[in-house]
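Visitor: Sequence:
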Amino acid sequence: FGADVGEAYPVYWAWLVWFELLQMEADIRTFDMHGAALLHEGPLIGLTVPGLAENRPSVLRGDAVIAQRQGDSTKYRGYAHVIQLTKVLLKFHHTFHRSFVHG
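Residue numbers (UniProt numbering): 1 to 103.
These are calculated hints, taken from the structure and not from any lab test.
C-beta atoms are modelled at their ideal positions from N, C-alpha and C, and glycine is treated no differently.
Among the hints, erroneous ones may be present.
What the hints assert, rightly or not - EDC-like cross-link-like pairs, simulated, lysine to aspartate or glutamate; straight-line CA separation at most 16 angstroms:
hint, residue 1, residue 2
1, K87, E41
2, K87, D63
3, K91, E41
4, K91, D63
5, K87, D32
Said to hold, decoys possible - The following label-pair restraints were derived from C-beta to C-beta distances:
hint, residue 1, residue 2, range
6, L21, G42, 32 to 40 angstroms
7, P57, L22, 15 to 23 angstroms
8, H40, E7, 52 to 60 angstroms
9, W15, K91, 51 to 59 angstroms
10, S99, M24, 26 to 34 angstroms
When you get a sec, could you build the whole thing from the sequences and use the hints?
Guide: Below you can see the structure in the form of structure tokens.
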């Protein structure tokens, strides 16, 4: 083994990290929810998450959620503030909360 092998390791590890990140993104996308109903829960917005009680997916306070209205390309980022047994209470930008229509 020459000096070239030692120089290849950083590239090898960089590729491994890159592929791991791609796999993590693909794994989390399996939990995408289309047509999910959002409900007002006081100052927050509630989202019922199937499998949450079994920790599938595992949701922690501060985790981000991307919401998009059907027929609208605008995406809104919300953050988990309260984790309940089957529901996550989210906080979005005030413009989303103001324009939010129940259900």
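Visitor: For a quick check of understanding: which of the numbered hints are violated here, in increasing order?
Guide: 9
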